[in-house]
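S.K.: Listed below, chain by chain, are the residues.
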Amino acid sequence: MFDWVHISLPPAQALFGQLLIGLINGSFYAILSLGLAIIFGLLNIINFTHGAQYMLGAFCAWFLLNVLGIGYWPALILAPIAVGITGIVIEQLFLKRIAGLDHLYGLLLTFGLALIIEGLFREQYGSSGQPYVIPPELQGVRNIGFMFLPYYRAWVIVASLGVCLATWFVIEKTRLGAYLRAATENPVLVQTFGINVPRLVTLTYGGGVALAALAGVLAAPIYQVRPQMGSDIIVVVFAVVVIGGMGSILGAIVSGFALGLIEGMTKVFYPEASNTVIFVIMALVLLVKPAGLFGRAA
Amino acid sequence: MQQTVVTRVWAAGLLALAILAPFFLYPVFVMNALCMALFACAFNLLLGYVGLLSFGHAAYLGTAAYVTAHAAKVWGLPPEAAIPAGVAVAAGLGLVFGWLAIRRQGIYFAMITLAFAQMVYFIALQAPFTGGENGIQGVPRGRLFGLLDLGDGLTMYYFVLAMFLVGFAIIMRTINSPFGQVLKAIRENEPRAVSLGYRADRYKLLAFVLSAALSGLAGSLKALVFQFAAISDVYWTASGEVVLMTLVGGLGTVLGPVVGAFILVTMQTYLSQTGSWVTIIEGIIFVVCVLTFRRGIVGVLAPYLTGRRASAEPLPEPPPAVEGHAQGLIEPAELR
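Protein chains in written order, with the working numbering: chain P, 18 to 315; chain X, 3 to 338.
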């Protein structure tokens, strides 16, 4: 059924197939870098655990389906909530204690947490992937003329765009978002206005983590649910963040999708470089515009 | 630096211990620990004395290991040529990556170096001459200058020890030179160092290249010790481990990275059969160190052991984030 991915078939099929995969990867890059940017804005921490939390989201969905018999649609809500709560616990137990220290300690602490979480899952489930079936409503493929479009992949792109735009809306257009932006700019001043900044910080971390988990649930049926799925993607997302700059929500979304597409195109034209193309682009961006494409000059 | 009698006694004792070590410990284990100790010292030169967190130092360790292994095995070069080849390539890589990475500061620097290291990992995985996931195996140790047969365990041990001491001496000399003082000034307050006329970026780049070259020396030696250039030496886990060794031993202390390396290598050796538990325990050590033990073992113990309260130079507790914003030390990020 999926023979069309093979290179011997017409190039148009392969091209659009890879572009679709690129767009899907791009949506995960976008959601993950969005969460990283929000967390960094308020907590001044680069959340290295982000990849592990993406993996936790996928495993949570897998667990809900295979142990509790709860399907994909409820998992789409339940898994981000559950993982978000673990994020709040992490913030309260660990991150709170290092607030105010040099942010390299935040990176090291969250790196350690990522090692623990990934190690525990590898200990339990090994390195091989657990399959997660596509929900029945989204199974099947549609011929749209120039290519075959699997329904689930179309759904992932639409859903990711929706999540990104909703996050943008909350941050830019709501009162909560205004508090968030203000606290990013000057937490002390915002606190003197009577806003509970520590609670805002906790909820922001939980929210950013929930976004990562949501990406994990969306990814579960496409990629297998594996303990290393997080560490595979997190380094690429770091490169995306360096390219886009963390100063802008829309910038994170645009650069995430664009870099996914470029990666997909590289797979068609020069597959050997598909793993490294994003890092090469990062080097070029550092040469031309060191602050990142959408970043403010340092 | 002012050398007291106590520190001299400690240095002599440790040296005697290192010379006698192969007679009561497994030599390959000590050699591995010495390589990792050199690697950690090179890393600490950057983090502890310049304040640059490179999260991709495995790139230099691993690349040098591959180059030395390839040179010794395929080109048949003797160790006195294969090791400098590895060091040179690591230094060149450090020059390019460092030149790009120092354009960004703080947390971005860590992310950029990590991303470049991941690129090197993918290249090592796919390039035709690196053996993919198997690495380069069966590397001959060769004869040093045609005289010393490094295939002999003890000869190899003393060669590795000598190279470690050379690397360590270079780092000590750097730290205590005027150049090292400028590096520390940049760590403490970069805008002020710049305003005093120091080209901070050049100093940072030179320190980065030096650190990459010495990491490369560690990698080249490791490839000869194990006769094997492993893909795991370029993976991000190796980058994380060197951070952990330095953190456990003590950031910005001279001997801290050595102590940290020996502790971690010992742990890895004893727990190597337990699979993922090594990773889990490393993660726990990271968390505990960051939360409660930021000065590291040597950072805490050194003042007592040398009788000099002021001898250790721990990374100073940085200013709170808000102050950092005001001073322009932290790159501001806004959500607009």
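Misleading hints may appear alongside valid ones.
[Unchecked claim] Just so you have them, the derived chain X footprint on chain P, three or more residues with Cβ under 8 Å: (1) 35-47; (2) 281-293.
[Claimed, not checked] Sample of chain X residues with no beta-carbon within 12 Å of chain P, all distances over it, derived: (3) Phe26; (4) Val76; (5) Leu79; (6) Phe99; (7) Arg106; (8) Met113; (9) Leu146; (10) Gly148; (11) Gly199; (12) Ser278; (13) Phe288; (14) Thr308.
Calculated directly from the structure, the hints in this document are not laboratory data.
In this text, a Cβ means the ideal position worked out from N, Cα and C, and glycines have one as well.
S.K.: Indicate, hint by hint, whether the structure satisfies it.
M.R.: Structure-based check of each hint:
By the rule of at least three residues with a Cβ nearer than 8 Å to a Cβ of chain X, the coverage given for the segment 35-47 of chain P is violated, with 0 such residues. Chain X is given as covering the segment 281-293 of chain P, and this holds because 3 residues of the stretch bring a CB closer than 8 Å to a CB of that chain, at least three being needed. Against the 12 Å criterion, phenylalanine 26 of chain X stays outside the reach of chain P, whose nearest CB is about 33 Å from its own CB. Separation of valine 76 of chain X from chain P is adequate, the least Cβ-Cβ distance of about 21 Å exceeding the 12 Å criterion.
The beta carbon of leucine 79 of chain X is kept farther than 12 Å from every beta carbon of chain P, the shortest such distance being approximately 28 Å. Residue-level check failed: phenylalanine 99 of chain X sits 9 Å from the nearest beta carbon of chain P, not beyond 12 Å. With a minimum CB-CB distance of about 6 Å to chain P, arginine 106 of chain X fails to clear the 12 Å threshold, and the non-interface call is violated. Separation of methionine 113 of chain X from chain P is inadequate, the least Cβ-Cβ distance of about 4 Å not exceeding the 12 Å criterion.
The claim that leucine 146 of chain X is not at the interface with chain P holds, since no C-beta of that chain comes within 12 Å of its own (minimum 36 Å). Once the 12 Å rule is applied to beta carbons, glycine 148 of chain X is consistent with being away from chain P; the minimum gap is 40 Å. No Cβ of chain P approaches the Cβ of glycine 199 of chain X within 12 Å, the least distance being about 21 Å, so the stated non-interface status holds. For serine 278 of chain X, the non-interface assignment is contradicted: its Cβ lies about 4 Å from the closest Cβ of chain P, within the 12 Å cut-off.
With a minimum CB-CB distance of about 3 Å to chain P, phenylalanine 288 of chain X fails to clear the 12 Å threshold, and the non-interface call is violated. For threonine 308 of chain X, the condition that its CB be more than 12 Å from all CB atoms of chain P holds, with the nearest at approximately 26 Å.
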